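Visitor: Listed below, chain by chain, are the residues.
There are 2 protein chains.
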Amino acid sequence: MSDADDLFPAFCIGQHETDRVLPITTQIVQRAHESNYDMLTYPVTTSHFHTRVLSVLSSHLATLDKPTLDASGTMGTTQNTKFPVIPPLSTADTHLSPNEAMSQLVGVTSSWIDLCSPDPLIADLSRQVLMMEVAYAAFCGLGYLLIPGPKLHHGGMHSDGVAYYARVIQDALATGPYIHFHIWLKMVDNVDLEVDQMGDLAPLARKEFLLDADNNEQSPKIDPFGTWDAWDVIRRTCKYHSRLVVALCLPKHLPQPSVQSRWHSEPVRLLTVDAGTFIKNQKGYPVLSKGHQSLISRLMRLRTPPWIILCDIGPIPGVEGSEDAEGDRGAATAEFPSLAQAVSSNKKHHDPTPHLSYMRNLQQKQPPRTAIERFGVGYQDYLQAPLQPLTVNLESITYEVFEKDPIKYEWYERAVAQALTDWAAQKKPTSNPDGRVVVAVVGAGRGPLVTRALRASAQTGVAIDIWVVEKNQNAFVLLQRHNQTIWEGKVNLVHSDMRSWRGPERKQAPNNEEGETTPTTHSTVDILISELLGSFADNELSPECLDGVTHLLHPTHGISIPASYTAHLSPISAPKLHADVMSQSVSNPAAPETPYVVMLHAIDFLSTNASTNTSTNPPSDPVPLIQTAWQFAHPNRDIPAPSHHSLSNSHNVRHTRLVFPCPDRGVCHGLAGYFETVLYKNVELSTNPVTMEAKSANMISWFPIYFPLKNPLNVPDNSEVIVTMFRQTDNRKVWYEWMVEVRCGKMRVGISDLHSSIKEGCLM
Amino acid sequence: MSDADDLFPAFCIGQHETDRVLPITTQIVQRAHESNYDMLTYPVTTSHFHTRVLSVLSSHLATLDKPTLDASGTMGTTQNTKFPVIPPLSTADTHLSPNEAMSQLVGVTSSWIDLCSPDPLIADLSRQVLMMEVAYAAFCGLGYLLIPGPKLHHGGMHSDGVAYYARVIQDALATGPYIHFHIWLKMVDNVDLEVDQMGDLAPLARKEFLLDADNNEQSPKIDPFGTWDAWDVIRRTCKYHSRLVVALCLPKHLPQPSVQSRWHSEPVRLLTVDAGTFIKNQKGYPVLSKGHQSLISRLMRLRTPPWIILCDIGPIPGVEGSEDAEGDRGAATAEFPSLAQAVSSNKKHHDPTPHLSYMRNLQQKQPPRTAIERFGVGYQDYLQAPLQPLTVNLESITYEVFEKDPIKYEWYERAVAQALTDWAAQKKPTSNPDGRVVVAVVGAGRGPLVTRALRASAQTGVAIDIWVVEKNQNAFVLLQRHNQTIWEGKVNLVHSDMRSWRGPERKQAPNNEEGETTPTTHSTVDILISELLGSFADNELSPECLDGVTHLLHPTHGISIPASYTAHLSPISAPKLHADVMSQSVSNPAAPETPYVVMLHAIDFLSTNASTNTSTNPPSDPVPLIQTAWQFAHPNRDIPAPSHHSLSNSHNVRHTRLVFPCPDRGVCHGLAGYFETVLYKNVELSTNPVTMEAKSANMISWFPIYFPLKNPLNVPDNSEVIVTMFRQTDNRKVWYEWMVEVRCGKMRVGISDLHSSIKEGCLM
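These protein sequences, in sequence, are chains A and B. Per the UniProt record's numbering, residue 1 is the first one in the first sequence, and the count goes up by one each step. Per the UniProt record's numbering, residue 1 is the first one in the second sequence, and the count goes up by one each step.
Honestly, the hints are just simulated from the structure, not real lab data. Just so you know, these numbers come straight off a predicted model, no measurement behind them. There could be a bad hint or two in this list.
Restricting the straight-line Cα-Cα distance to at most 25 Å, the calculated cross-link-like pairs of lysine-lysine (DSS-like) are [stated by the list, open to error]:
#1 A:K733 with B:K239
#2 A:K710 with B:K239
#3 B:K471 with B:K695
#4 B:K759 with A:K710
#5 A:K733 with B:K82
#6 B:K746 with A:K746
#7 B:K471 with B:K427
#8 A:K507 with A:K428
#9 A:K239 with B:K82
#10 B:K365 with B:K283
#11 B:K759 with B:K746
#12 B:K365 with B:K280
#13 B:K239 with A:K239
#14 A:K239 with B:K283
#15 A:K746 with B:K186
#16 A:K239 with B:K280
#17 B:K710 with A:K710
#18 A:K186 with B:K746
#19 A:K252 with A:K365
#20 A:K239 with B:K710
#21 B:K710 with A:K759
#22 B:K733 with A:K82
#23 B:K427 with B:K404
#24 B:K239 with A:K746
#25 A:K490 with A:K507
#26 A:K290 with A:K252
#27 A:K759 with B:K239
#28 A:K733 with A:K681
#29 A:K681 with A:K428
#30 B:K252 with B:K427
Reference excerpt, derived from the structure (chain A facing chain B, CB under 7 Å, subset only) [said to hold, decoys possible]:
#31 P98
#32 D160
#33 G318
#34 D638
#35 H651
#36 T724
#37 M747
#38 V749
#39 G750
In this text, a Cβ means the ideal position worked out from N, Cα and C, and glycines have one as well.
Can you build the whole structure from these sequences, using the hints too?
Guide: Below, the structure written as structure tokens:
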């Protein structure tokens, strides 16, 4: 693996000034680059435009005979109304014009508007302002817009106006067809701050719409998921649009871990950090708290890491000639005391951008990628159809990828060694009359388990008679070659589907003189080794395949490795996967009923055992609740005898109904599936995130499975998600069916379709 | 209209015996017909089969080493399991065989099974029993099956097992592809009764699954919507299958009106009435209570009226030779005392089927169809695309249908008469210099409003100068004819789109000698009459059309008839409409985003002002809460002047956000839309079911409008449905957007897509 794979990608860092007044020239962009910034924000319009809109509003209010209050008193335009039209932008209204620096600029729309205003006049003017700004930004060729999120009303709550905000954003997406719209949101609503920001238009609003201000006194509790809730309405209204993303403002005090996790699952593409979010280290340099550092690290490992925008941390050096008030060299080196000491003892340098330097240093400090991260680069949250190994012959490269796993085959070797040791210690009879334990590797692929079985035999000193069965004729060529080159011809190779194999052949002495073919008999197998598991344990038909060879296993002593396996489930929020499934379903109607193999990354577990008790400090990360759906154990002695001309597979049907308590509200987009398997006794493999560290850390062979829902379900606070799942078979194929219900107390509040993957079923 | 239209259709009545033992021969069917029954039920299997299944179960339990209880203790088959297989049906297991009487038989599947059992063994045997019965019924060609509903568990509650029940029914629908499956349900769960029925298999169940029995002691309150809830899960799991319908058991004590309303909205195709549901009148004859009669009447007015099955009310006369224990002549005539007296004084007759006679009599007593019922025969719950009158020329028959309305034109005449009277009384100047009030009928069609305006003028003695504008050249031919034949040439006809009409022409004296065309000027209009409203008021672009002629109306005195109109909304449960929209969307992706004109019938209003106080006796019918979305008033003097080369239509944009409290749980499939209009002062038309009786009873011109939801939303008890709706325009067309949210307390529990009819928008 190359070193480049290990390198953590560079942070993309920009600079934002709330009151940027100068036009941004290509020279300024050049200066910013020289200071190590990657980009700059740019207000789309000027204060001149703000003033002009206020005067349009004032003069309209002056001409009104009487307020056009609804008869019903409800919000909205329900009667004949006429709003003033803001005249088109003129040259004083904007400094922006198309130039070569456009790709390094993020446009910022005006924050003095309020699309959610209960006053329809203010809401309509705000809509006009935003749409004018979007249209002009699109004309100039800006690729990125930062749009202040919906304003709070009703004493710090998101109001009904969010629906209207969302509808305007939908129009904006159509007006700027090449623009990525970043909705600028706080992690958690902060009432005090919001009240400060409000009201550039509000003071001019008519008093019948100013009910909000009066209600402010009750000072409500902050709703930790209130901002997320508003975002959910916006992106839902806009149908999970791919150009609608989040710009997240890092607050000084981070919210509880469950809120951080939620944002981690959303498309956060910008991260804004105010000067006030930095703290000072002992030397007075700006640094971020451990909590902030770890949140940034986590977000930076997303498939598309967010860009970072430093807000109001001082001017671009050389642009206005002013010095940074922060004083001496910044915090960049604050956490490397030895280096910092070296620098501070050499006070010749003055760092004009200490916040930026700190962020660049933070980038350097990112831990290198783990094995699974390196392995999964580019695969995070990428949907793959599961393998059909029974009907499709795998290619060599696919085997090679699997064989790279640093854990899986090691664990298999341990399991075989232990089984052989036990066999010998218990003095069990062997199926081969010569006393060797008969080991069969079925579905051997290119043979990694053969090598391990031979090693286990050598290591334990227990002799084996090894049989290797593979149906893929291409892989079989390699097996023959390996037998010559690696296995010293010790291996008995059988080119066959394991289900039609008749067992190890035992030649008899010729019994007549006419030279007839030597008759053969078949012995049983003592230890049957297979690696047929899929991401959801049984989804690649391990049960059906092993049932097909179980009759060859010794009826009392026979051992199957793996001995058993279980499928595990948990409901998740996965907005990116949902959007991808929806876009696939345009061309493939079966897309939302297909289970996908996917390296789950930007997801949030809805059901957790989190201690919502925030008194623990620091609050612990929520632990997902992942439950067992069902189990298969081998050898299965309960297989019905073949009858009625066909072997029934009904004994491999399973169903389950699992209840998942969900402490915090969210949206359920689907189910994450994992597996655990007991290879032999205490040798286990697990992809279940709760147990994988303990059972088989660093295993990379399997990504989880994802069962989507056609339509996301809202999950309220303190509710239950109930999953009903079936493993079905019609004796020709196997498929899954799944259905999700949401309950609050005893009341059903949501229910999904019964989804079925029968069209994408796994053929037997 | 023919008398046949007035006739109430015949009831279809059958007979059911719980313990029917004889095979049903064609002779028995013949006897039943002679007794006036239309059909009979028939058990698919015999008690022999029951006994055989019990012995399969007993011998399996005897062979079990130990109970196969899940490790997790949760319900379902989660581990390797093997269930006994019931051997195929033999001749003693069923009396049913294919014969000519099949079309008069309703098969009944066994009630001693329990598909919901928490014991997976019982659940699996029950599944096998049902599937064997369905397969045999399908083989015999039965068209109808009555399937006992899911059994109660957990102390009289529907259990998690309903999901499994539903899954088996889904298989049954595939196994019997020509069978209608009637799920036999109570209106409300009755705990006592259910406990009696349970347990044919249960006593054999293993004790670890008999937790239910122990929990029974807590004697829970009956959940009035519990049975409906179970039905909702079943039909939802089966994707609103058209062959999955309800057989409803009429209980002795009817549930609250809201529960009755709910069932009225579901596909109730069978109504079963037990002997015990009948009461005895003074003469001892079996009759039904007033409440039962009225519920039956209501259900019988559905598009597909249910069949009625009388259960255990005595044998078919002549089949077993036994007499009905009821004694004398039945209750058939009980409510016609004069007739009854005549009969009882002549006691020669003995009625062997008094319950049947009563039902036949009830049929005779059904009130004749109302005007709107006659008009709507065949249109109940039938989806129609709204008219596009601006871009499509209507056909004569369409006008004719509208002109048949007994109320609408009468009310227009009253409005015009009152407006003319007021004009004269207030001595307003007229636009015609000769003193006649200038009246214009715009969009006159075949001229019904012209006739009414002329009558109003004659009746009030206020002279009018009448102008008639119509764009449809075909209708214009008829207008010319009417002017000759009916209107005595009094009418000035203008063939034009009203939006391009330049107003009444006033000829000037020739002003030169060269014989140039006489120049004309145009006067204003005093009273502008139009009938441009659609089912949702503004949905056929009345606002846009009238805006286009408003400049012709006298600037101070001009009157528009109608003066204003409002659109009204309410969330509804409409399972049939949902199923129809879903089936249309297979071929037309825009189907679930199209507003439909539909005569709403099998629907239930989710938001009501019902007094849930059941102490009132009898409890009053729930009154739906129908709210005003928005209003248009004419003439609209606020229309912006044409500018930028096109007339902006943005003043006709509307939006609203309405909160609907919902006392009882349900499923929201869409929104019902209505309108009200003020023609002039207190002369109003309404299709709003709450106000139509008072404002314009018996008006038939408009069916309601239905805005579907792509995905139904669950509405819990005591929740709120919040509707956000937009009337949008891009200056070329008009469309609607709608979104529904469901809240419990402050918590969002469901949210729909933002639906948009832009693809089916109404062209301007």
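Visitor: Of the numbered hints stated previously, which ones are contradicted by the structure, given in increasing order?
Guide: Violated hints (numbers, rising): 3, 7, 9, 11, 14, 16, 23, 28, 30, 31 and 33; every other hint is consistent with the structure.
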